[in-house]
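Visitor: Following the hints, put chain B in place on chain A, whose structure we already have.
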Amino acid sequence: MHLYKLNHIRQLESESIHIMREVAAQFENPVLMFSGGKDSITMARLAQKAFWPGNIPFPFLHVDTGHNFPETIEFRDQLMDELGVELIVAHVQDMIDEGKVKAPKGPNPSRNKLQIPTLLNALEEHGFDAAFGGARRDEEKARAKERFFSHRDEFGQWDPKNQRPELWNLYNGKKNHGEHFRVFPLSNWTEMDVWQYIAAEQIDIPSLYLAHERQVVQREGTYLAKSDYITLTEDEEYETKQVRFRTIGDMTCTGAFASDATTLPQVIEEVASARITERGNRTDDKKAEAAMEERKKQGYF
Amino acid sequence: MSNNDTEAQKYLDMDMLRFTTAGSVDDGKSTLIGRLLYDSKSIFDDQMEKIEESSRKKGDEYTNLALLTDGLSAEREQGITIDVAYRYFSTPNRKFIIADTPGHVQYTRNMVTGASTANLAVILVDARNGVIEQTCRHSFIASLLGIKHVVLCVNKMDLVDYSEERFKEIREEFKTFSSKLDVPDIHYIPISALYGDNVVDKSDNMPWYGGSTLLYTLENVQVDSDYNHVDSRFPVQWVNRPQSTEYPDYRGYSGQVAGGVFKPGDEVIALPSGFTSTIDTINTFEAEQEEAFSPMSVTMTLEDDIDISRGDMLAKPDNQPTVGQDIDMMVCWLNKEPLDPSGKYAIKHTTKEARCIIKDVKYKVNINTLHRVEGDKEIGLNDIGRIKIRTTKPLFYDAYKRNRKTGSIILIDEYTNETVGAGMIL
Chain A
1 MHLYKLNHIR QLESESIHIM REVAAQFENP VLMFSGGKDS ITMARLAQKA FWPGNIPFPF
61 LHVDTGHNFP ETIEFRDQLM DELGVELIVA HVQDMIDEGK VKAPKGPNPS RNKLQIPTLL
121 NALEEHGFDA AFGGARRDEE KARAKERFFS HRDEFGQWDP KNQRPELWNL YNGKKNHGEH
181 FRVFPLSNWT EMDVWQYIAA EQIDIPSLYL AHERQVVQRE GTYLAKSDYI TLTEDEEYET
241 KQVRFRTIGD MTCTGAFASD ATTLPQVIEE VASARITERG NRTDDKKAEA AMEERKKQGY
301 F
Chain B
1001 MSNNDTEAQK YLDMDMLRFT TAGSVDDGKS TLIGRLLYDS KSIFDDQMEK IEESSRKKGD
1061 EYTNLALLTD GLSAEREQGI TIDVAYRYFS TPNRKFIIAD TPGHVQYTRN MVTGASTANL
1121 AVILVDARNG VIEQTCRHSF IASLLGIKHV VLCVNKMDLV DYSEERFKEI REEFKTFSSK
1181 LDVPDIHYIP ISALYGDNVV DKSDNMPWYG GSTLLYTLEN VQVDSDYNHV DSRFPVQWVN
1241 RPQSTEYPDY RGYSGQVAGG VFKPGDEVIA LPSGFTSTID TINTFEAEQE EAFSPMSVTM
1301 TLEDDIDISR GDMLAKPDNQ PTVGQDIDMM VCWLNKEPLD PSGKYAIKHT TKEARCIIKD
1361 VKYKVNINTL HRVEGDKEIG LNDIGRIKIR TTKPLFYDAY KRNRKTGSII LIDEYTNETV
1421 GAGMIL
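Protein sequences, first through last, are from chains A and B.
Heads up: the first sequence begins at 1 in this note's numbering, then just goes up one per residue.
Heads up: the second sequence begins at 1001 in this note's numbering, then just goes up one per residue.
Bound conformation, chain A alone (with noise of 0.2 Å):
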C-alpha cells in the first residue's frame, strides 16, 4: 500500500508555510522582523516557498543597532536583492540623537534594551500590524509558552497569563485598533532542525556561523569579538582564536566559543553534541533567570 507520510521537517516546513499565508491573509501589513541570523534567513525562505511563483507580499523589517557584525548587514543586503523584497532599517543610532532614549554606558554598552523602543517606534511608524519573528519555543523557558500568534496591546506588551487559547491549525488574529500580533512560524522548531534544514536547502548563512579566526576578548566565560563598541579593562586584552558563534546579535553581547567547525555539516555535528545551549553565550539573558521573560513582556522580540 502507498504510504502518504509526510517526514517532521516537511511537517513542520508546511506547518509554516501555512502560517505565513494566514498572516498575509488576516492582516493589512505585515513584515517580518528580519536579523540576519540563522532563524530569520530560514523565514525568509519559507516565505519565498509560501508565495512562490508570487513575490513575498511583504516587507522586511532590520532594527539595527548600530553594533552589528559588518558580516550580518552585508549578508543581509545581498539577500533582499535576491528575494527582491524592500528592506526597512530602524536604527537604534536615530532613537539616541532624537533623544527617545539613552545610549548605556560601561564596558559592556549593551544596545539589547534599546532594541524594543525602536522596533516598536518602527511598527508605529510604518502602522504594520503584524510582525513575523523567527523566536522558538526551544531557545528558552519564557518562550516554551509563547503562541504562534501572540497578540500584542496598544504598548507592545505580551501578557502571558493571558493569552489567547490557540486550538487546532485555526489562528485569531483580530485585534482593537492599535494593537498589533507577533508571529513566530518557528516556533515548532529546534536548533537542531533550522540548521538541518539549512544543510537540506542548501540556503548560504553569514560567515559568523562557521570557525573563523577573530580577535576576540574573554569575558564571563565567553568570547567577545573585538570591536569600536566594546573597552577593555585594564586585566583584559586581545587574543587570536578561532571561533564561531551560535547566535548572531549584538557584537557587544553575542559571544563566540572557540570551534573548528569550517563547514555546515561540521557545525551540525557541533551543535549535536554541544552541552550548553545556544543562548548560554547570550550575557544578556544571563543578567537574571527571568530576564528573558521580562524583556518579552516589554516587547522584545
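In short, the hints are calculated from the structure, not lab data.
Heads up, none of these hints are tricks.
Calculated cross-link-like contacts (lysine to any residue; reagent style SDA-like; alpha-carbon spacing at most 20 Å):
#, chain 1, residue 1, chain 2, residue 2
1, A, Lys49, B, Tyr1247
2, B, Lys1041, B, Val1200
3, A, Lys49, B, Thr1281
4, A, Lys174, B, Arg1355
5, A, Lys5, B, Val1221
6, A, Lys174, B, Ala1354
7, A, Lys5, B, Lys1148
8, B, Lys1010, A, Pro265
9, B, Lys1010, A, Asn7
10, A, Lys174, A, Phe155
11, B, Lys1168, B, Gly1211
12, A, Lys113, A, Phe155
13, A, Lys49, B, Glu1291
14, A, Lys5, B, Glu1219
15, A, Lys49, B, Ala1287
16, A, Lys49, B, Pro1295
17, B, Lys1148, B, His1187
18, A, Lys5, B, Gln1009
19, B, Lys1010, A, Gln266
20, A, Lys49, B, Val1239
21, A, Lys174, B, Thr1416
22, A, Lys5, B, Glu1291
23, B, Lys1041, A, Glu191
24, A, Lys5, B, Met1014
25, B, Lys1316, A, Tyr4
26, B, Lys1010, A, Glu270
27, B, Lys1010, A, Ile268
28, B, Lys1041, A, Glu270
29, B, Lys1041, A, Ala272
30, B, Lys1010, A, Ala200
31, A, Lys175, B, Thr1416
32, A, Lys5, B, Val1230
Covered stretches of chain B, as calculated for chain A (at least 3 residues, CB under 8 Å):
#, segment
33, 1226-1238
34, 1244-1255
Beta carbons: idealized from backbone N, C-alpha and C, even for Gly.
Guide: Chain B in isolation, oriented as in the chain A frame:
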C-alpha cells in the same frame, strides 16, 4: 562524507509525534517531562546548572527536574504550571513535541488547547490516589478532542512499594471508566518519574511488569493513520496571482490539504459555487508534485478559470463535505464570560471567517461522570456542552470525529476579540 549524508538524511526522515501531558497538581507531571528530557539527553549543561542552583536555593533535597519546565516567574513562585508549555526532544527515529498542560480545574482550557493538536495523551495518576475526578476529566477531554492514543502512567510507584496489586487496581478502575470513552488505544505503565522507573529505562523495582517503558511506547505508537487520507478537502487559503512578466497569467490556489489526496488530472468541485474543473498542476517552490495529501501546503492550478477565493473549498464531486448553516457541536468554553445563550459570535472554520448566532444550548456535560446535566444550561469557563449555531454563510464541514481539520471551529467574542469557545462539529 557519504556517512554524513546518510546521518543527515536520517535526521530529516524522522517522523513526528505530538503528545500532551495531563495530571492533577502534584502528580509529578513536570518531573516526568524533566525526566524524559534528562534521560533522553535533551538537557544542556547550562540549563542543568541553573536548576541545580535554583533547587539548592529553595532547599530541595534533590535536583528538582520540574524546574526545567516551569517557565514563567509566577509559576516558579507558586510551584505550579499555569500555561501550556511546549517542549521538544528527539530520539533517533522520532521527534517529539510535548504540549505540557496544567492540571488544575481552572485551567482545563489549556488542556483542550494542548490536546487539539496532539496525537497522543499521557495522563498521570498518583499511585496512592488512583483514578480521581481530574483523571476522568482529562481522559474525557482527550477523547472529545479526538486523541486516539492514551498512555495512563501510574506515577509514584515508589510510594506504594512498587506494588503490582495497586497498579492492577488502578488499571481496572480506569478500564471501567474509559469504556465510556472513544479512545481505541490505551496503554498502562507503572512508573516513578522521580527515580526514573520505566520512563526511559526498564525498572528493576518492578520485575512483575512485562510491558514497555514510556519512551519506548512513545517511540513506537503508530500515528500515520490518524490523518484522514480518504475525504479530499482543500480549503483555499490564499489566491496566488503573481501578475509578473514571468508568470503573467498564473492563478494558483494555495492552502494546506485538510484531507484525502489530490493529483493532477483529478476532477474537483469548488464550493460554494459548485463549478467543477480539473487539477492542472500541484506546485511547491521546489517542484511540480504528483500528489498532495494532509498536511502538505501546496498551490494548485486548475484547467478552467472559475471564481475561487479564500474561504472556498476544493473537494471531489463524488465525495463532498456537508454544506450548511445550522450546525450541531460540542463546545468547550474558554472564557471567564459565560456563553450567551442567544449571543452572536465571530467564527473561524478552516480558512473561512463568518459570524454565528447561538440557537440552542441542548445540555451541559458533567465532565467527571460524563452525564448530561439537564436543567442547567449555563456554559461557563471550562464547561463543555452541546449547542446549535446558525452561521451567516454556509460552512463546508465534516464531523470532527471524521476529520479534525474540517470539523473544528473557534468562537470569538466580537468585542474583546478573544477566542472564547472551541467547537467540535457532530
